[in-house]
Amino acid sequence: MATLAPDSARPPLSQLGSPPSIQTHGGVGANLPPNRGLERALEEAAASGVLNLSSRKLKEFPRTAANHDLTDTVEADLSKNRLTDVPSEVCHLVALETLNLYHNCIRTIPDSVISLQSLTSLNLSRNQLGALPACLCSLPLRVLNASNNKLVSLPESIGQLRSLMELDISCNEITALPRHIGRLRALRELNVRRNLLCVLPEDLADLPLVKFDFSCNKVSTIPVCYRKMKQLQSLQLENNPLQSPPAQICIKGKVHIFKYLSIEACRSEKMPDPLYLPVMERLSLSRPTTCRSKQDSDSGVGSDNGDKRLSATEPSDEDSLSLNVPMSHITEEEGLSKDDSSEHISSLTGTHTHMNTHSHISRVCNTGADVCVCVCVCAQGRTAAAFDEPLRIEEDSHWAAQQTHKSLESVDPQFTMRRKMEQLREELELMEQLRDSIESRLKVVLPEDLGSSLMDGVVLCHLANHIRPRSVASIHVPSPAVPKLSMAKCRRNVENFLDACRKIGVPEDKLCLPHHILEEKGLVKVSITVQALVDEASSKHSLLT
Numbered sequence: 001m002a003t004l005a006p007d008s009a010r011p012p013l014s015q016l017g018s019p020p021s022i023q024t025h026g027g028v029g030a031n032l033p034p035n036r037g038l039e040r041a042l043e044e045a046a047a048s049g050v051l052n053l054s055s056r057k058l059k060e061f062p063r064t065a066a067n068h069d070l071t072d073t074v075e076a077d078l079s080k081n082r083l084t085d086v087p088s089e090v091c092h093l094v095a096l097e098t099l100n101l102y103h104n105c106i107r108t109i110p111d112s113v114i115s116l117q118s119l120t121s122l123n124l125s126r127n128q129l130g131a132l133p134a135c136l137c138s139l140p141l142r143v144l145n146a147s148n149n150k151l152v153s154l155p156e157s158i159g160q161l162r163s164l165m166e167l168d169i170s171c172n173e174i175t176a177l178p179r180h181i182g183r184l185r186a187l188r189e190l191n192v193r194r195n196l197l198c199v200l201p202e203d204l205a206d207l208p209l210v211k212f213d214f215s216c217n218k219v220s221t222i223p224v225c226y227r228k229m230k231q232l233q234s235l236q237l238e239n240n241p242l243q244s245p246p247a248q249i250c251i252k253g254k255v256h257i258f259k260y261l262s263i264e265a266c267r268s269e270k271m272p273d274p275l276y277l278p279v280m281e282r283l284s285l286s287r288p289t290t291c292r293s294k295q296d297s298d299s300g301v302g303s304d305n306g307d308k309r310l311s312a313t314e315p316s317d318e319d320s321l322s323l324n325v326p327m328s329h330i331t332e333e334e335g336l337s338k339d340d341s342s343e344h345i346s347s348l349t350g351t352h353t354h355m356n357t358h359s360h361i362s363r364v365c366n367t368g369a370d371v372c373v374c375v376c377v378c379a380q381g382r383t384a385a386a387f388d389e390p391l392r393i394e395e396d397s398h399w400a401a402q403q404t405h406k407s408l409e410s411v412d413p414q415f416t417m418r419r420k421m422e423q424l425r426e427e428l429e430l431m432e433q434l435r436d437s438i439e440s441r442l443k444v445v446l447p448e449d450l451g452s453s454l455m456d457g458v459v460l461c462h463l464a465n466h467i468r469p470r471s472v473a474s475i476h477v478p479s480p481a482v483p484k485l486s487m488a489k490c491r492r493n494v495e496n497f498l499d500a501c502r503k504i505g506v507p508e509d510k511l512c513l514p515h516h517i518l519e520e521k522g523l524v525k526v527s528i529t530v531q532a533l534v535d536e537a538s539s540k541h542s543l544l545t
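Note that full-length UniProt numbering numbers the sequence shown so that position 450 is 450, with each residue one more than the last.
Hints listed in this document are in silico derivations from the structure and should not be mistaken for laboratory results.
All of these numbers come straight from a predicted model, not from anything done at the bench.
Some hints here could point you the wrong way.
Here are the simulated distance ranges between beta carbons [said to hold, decoys possible]:
1. V444 / E156: 47 to 55 Å
2. S262 / P507: 29 to 37 Å
3. K484 / Q433: 45 to 53 Å
4. A66 / Q160: 32 to 40 Å
The C-beta atom is built at its ideal place from N, Cα and C for all residues, glycine as well.
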């Protein structure tokens, strides 16, 4: 009975052959969506000016792009493809402002890229570039990202990128930065991490950098001139074999690093001048020099020649010269005499011819110091016959002992340097003591910039209330809506804190002034005030117990 089924129940042969044809058609259609998506991206680029061809496994620029008008394209994204070169079609998009070639296989950049004179942002990261062409430096770039490549150097002409604000060359093999990098006057962010840098150029100190990252390099010294980077907010320097500043300074942050650099700068700028060294043979004592004007003649402090030629008829303030040592009145009218000397100069010759002056260097050594006070005295009006015998004026030992302390600072720069170092060290200790006093009592962690955290007076008022409850009746505090207090409210907080210190018993001579807190210019005095407040509270607590 089953064999007698009508023919209409059987499917026709055309329908039996249809499934293979549908499958074949489906196989062809499987390649259509990407092409349709590419065409759609080109159409949108022609309409909007934004070309997005990211993550399409492209090895070359789409040939069908010639069917679309892309001349007005201002932004092109070709990232995450398989391009081995910058497509020549891209270099013809003269209106292009942003070009993203991230994560391709690009090895070289053609010189034709110079035609992109509107390009301000270029991303070349994660490619295989061995060098950047000099023609890139002729573009008006503001952002250049060439990280994660195989760069060993930057072009010397990089200083021509006057508008460049962000430069990222991290994760390369660069051994030195070009000397013209200091000409990038608009640079705000510089990232050179994970390279092979050993030295940081001093020219970077003149740039208005806000972020600077040179971590994971081989830098051992930070130039002292970097302390002048006033706008720097973020400094990343970890994983470097730093010796100056040492590691214990670096881990404390930017403020401590800059203070260390300031100390080093003070040390280097106060190094002894050759004039102060014991080798006084540098001073020529007998060679006559030509007459110089008073403005051109030196005062004996910065000169290697102690000779002067002065006219006997013209009075001069330089008749008596000294190396920062105050001398007694040595004038033309007074004679110079000593108790133990038989020589007395009573008068000067009346001739109006030019007389030579002669300098004699004598040393007065204090028994308690290693510093020699060098005194240079010029005598005027001596005859040619008497010039052969130099005028010797010996310093009185008693007078020298009285003036030693005053003259040590002015004559010996090392003495001044030591005093400055000690002063800075004391200030750092007071800052740490101030931070510890506040953090230990209020159980808070203050920011790295201690001055800015105390400027509004909120922390100080809470400290006063912690020592004596309700000593500050009202405290103006920031809110999420107004995160920063006005200067008037900051001043009220500071004044309330100082009034509370007076009530608790802090002496007036240990109280700081309001501007020391508000302007962050007297943290040492603020530290003294806080310490006096803590000591006063501790003493009263001990009396009560």
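Hint check results:
1. V444 / E156: 47 to 55 Å: holds (51 Å)
2. S262 / P507: 29 to 37 Å: holds (32 Å)
3. K484 / Q433: 45 to 53 Å: Taking Cβ atoms as reference, K484 and Q433 lie about 28 Å apart, which means the hint is violated.
4. A66 / Q160: 32 to 40 Å: holds (34 Å)
The structure does not agree with numbered hint 3 stated previously, though it agrees with all others.
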